[in-house]
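Chain by chain, the residues run as shown.
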Amino acid sequence: MNKTINQKAWFFVVPVFVLVAFNAAIPLMTVVNYSFQETFGNNVFAWEGTRWFKQILLSERFHDALGRQIAFTFIILLIQIPLGIGIALTMPKKGWGVPVCLILMSMPLLIPWNVVGAMWNIFALPDIGFLGYSLNAIGFDFNFTQQPGDAWFTTILMDVWHWTSLVVLLSYAGLNSIQPAYYQAAEIDGASRWATFRYIELPKMKKVLTLAILLRFMDSFMIYTEPFVLTGGGPGNATAFLSIDLVKMALGQFDLGPAAAMSLIYFFIVLLVCWVFYSLMMKNEVRS
Amino acid sequence: MSLELKNVEKKVGIETHIYPTNIKLEKNTINILLGSTLAGKTTLMQIMAGLDKPTNGEIWFNGENVTGKQVQKRNVSMVYQQFINYPSFTVFENIASPLKITGVNSDEIKERVGKVAELLKLSSMLDKKPDELSGGQQQRTALARALVKDSDLILLDEPLANLDFKLREELREELPKLFEDRECIVVYATTEPSDALMIGGNTATILEGKIIQYGKTLDVYNKPENLISAKVFSDPPMNIAEISKSGDTCKLADNSVQWKSNVKIKDGNYKIGIRPHNITTYKEGSNTVEINGKVLISELSGSESLIHFTNGNLNWVSLSNGIQQKNIGENTKLFMNVDEFLYFDENNRLVNHG
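These protein sequence lines are chains R and S, in that order. Every letter in the first sequence is one number past the one before it in this note's numbering, and letter 209, counting from 1, is 209. Every letter in the second sequence is one number past the one before it in this note's numbering, and letter 110, counting from 1, is 110.
Just so you know, the hints here were simulated from the structure itself, not pulled from any lab data. Glycine included, C-beta positions come from ideal geometry on N, C-alpha and C. Be aware that one or more of the hints could be misleading.
Restraint ranges, calculated between C-beta atoms of paired labels, are given here [stated by the list, open to error]:
| no. | chain 1 | residue 1 | chain 2 | residue 2 | range |
| --- | --- | --- | --- | --- | --- |
| 1 | S | G329 | R | M281 | 56 to 62 Å |
| 2 | S | L38 | R | V273 | 49 to 55 Å |
| 3 | S | T37 | R | P108 | 39 to 45 Å |
| 4 | S | L38 | R | W113 | 48 to 54 Å |
Using 27 Å as the maximum straight-line C-alpha spacing, the simulated BS3-like pairs for lysine-lysine come out as follows [claimed, not checked]:
| no. | chain 1 | residue 1 | chain 2 | residue 2 |
| --- | --- | --- | --- | --- |
| 5 | S | K128 | S | K27 |
| 6 | R | K54 | R | K248 |
| 7 | R | K206 | S | K245 |
| 8 | S | K100 | S | K6 |
| 9 | S | K27 | R | K206 |
| 10 | S | K128 | R | K207 |
| 11 | S | K129 | R | K204 |
Produce the complete structure using the sequences and hints provided.
Below, the structure is given as structure tokens:
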């Protein structure tokens, strides 16, 4: 068979190239460009090689921000995943309770991020906020604008309030896909509630839970708006997570070179963790 | 050992799923619940197992009233249409799970699991996880889990429905042997009349939440009490026609076919039921009568030929051995085996008993 050669087909691919270029490649390349140069304004640049990367990787400030970021992500995963599963398990499976629960659960997810930040800021203010005032009234010395521990507590509480629903909804969907026959089989075997959870529900939820962990990891690792509105990264640098620190550096101090280098490092960390996670997930998939 | 349902009724809201039912299943029997989807087979089994409570009535097991007794305390096992195994357990752990929960020691577990695994040809896959197995092997694992327990009551809810044809045939042949020397009552739900015939034992025909007839499988098949039972226990569907009888002559209501019959019933109007395999393209039996048909569809199924045809108002199916090629629209002659006709009276009761 003779193949006809028709290069016009390339035209069909052009829109995708243009889209991806504007979408991803060009902005990213600007950052790459900044990260290897010193910027003097008026479009004057000087080549710096890998200096900014070394500087960032060795700087205590970056280490601290990364440490805070990892701690934050770890803590909220540790709270949200079990809590989400727990709530999903107690949600009704039929009747009028189902839509009520689903709507209630979806609410926090529908609120814009900066509104969540502002809401919790006011809510937690020690003098006028309901939470802050109440805590002080019952004897806690609570002031999230002054005390780092309180700032962390409020930030974590806010994130748990905002995002646990996502885990709940995913787990609930996973639970609902389990055929009733599994529960009957467990009942016939005389399996305890815990055994039913451990050996039927949990394995059956594996896929959605992996997804939930991945989503919550990415979102929390890149969190910016809510803590920025709530604490602005303070008191001091107590809640300055990676992205807050990055914006301070890039826009506050206008250190474009180091900020660009930090962006790239940040980007690679997220990419790396997702890749590791994804390959682990796929490895399990292939095996089963 | 016996299982008895006394006036068992199940209602959900205003809907009746099971009408008052009485049935007694004896020890060492395989009992087939035969009926279409939603006939109430699964509900009946769940009531038998204790997974579901009847709205009214009682369940007696071995002379003990077990109505409302928890399923864990009843020593029953159940196999489902879907292949239900613990996903994170190996085949060995799956089969062993009911024994572990009851605290059997590990040597005995090994021995019993080994035996059952051999019986079900699973010995070489004991270390695998269920989702590494084929559908047939997954269902064998579920069966092994049900057998290893030495339950008094084993419930099989359409266990072969999700298997492909070949595996189904294979497992269906093995099934009766599995229960041969076990002290238990087996209940097997299916939508396929052929399952019942292959497995034998006893059969209960079920329609819309009512047990129509219960007895030895062959008796139910050969002498259905009534037209409904005959219809439930016939696949392809039974051919039915109005007839009239005077003297020893019977004829179809439209006079198109006439035959001599020696059934001892009085003259009058009846319905006859003819199973598809008693209408063939060749003469079979010593007493046949011809019927003209216009071919609607002619299909081959394995080494059998299904010919759907019309004759006046009748829309019938015939089943012949071998490959019988017919063209659509063709007029053809078929032969009916008169000795196998079932005659039903105006109340749809069978009148030509034995």
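So, going through the hints one by one against the coordinates:
1. Taken as a hint, the range 56 to 62 Å holds for the pair G329/S and M281/R, whose Cβ atoms sit roughly 59 Å apart.
2. The hinted range of 49 to 55 Å is satisfied by L38/S and V273/R, whose Cβ atoms lie roughly 50 Å apart.
3. Distance hint check: the CB atoms of T37/S and P108/R are about 43 Å apart, consistent with the given range 39 to 45 Å.
4. At roughly 49 Å, the beta-carbon separation of L38/S and W113/R lies within the given 48 to 54 Å, and the hint holds.
5. Pair hint K128/S plus K27/S does not hold up; C-alpha atoms about 35 Å apart against a cutoff of 27 Å.
6. Restraint check for K54/R and K248/R: the C-alpha separation of about 19 Å stays at or below 27 Å, so the hint holds.
7. The hinted pair formed by K206/R and K245/S fails the criterion: a straight-line CA distance of about 69 Å is larger than 27 Å.
8. For the given pair, K100/S sits about 34 Å from K6/S by alpha-carbon distance, which is inconsistent with the 27 Å threshold.
9. Taking the CA atoms of K27/S and K206/R, the gap is near 43 Å; set against the 27 Å cutoff, the hint is violated.
10. A hinted pair counts as satisfied when its Cα atoms are at most 27 Å apart, and K128/S with K207/R qualifies at roughly 20 Å.
11. Our distance criterion of 27 Å between C-alpha atoms is met by K129/S and K204/R, whose separation comes to about 14 Å.
Checked against the numbered hints given earlier, the structure breaks hints 5, 7, 8, 9 and satisfies all the rest.
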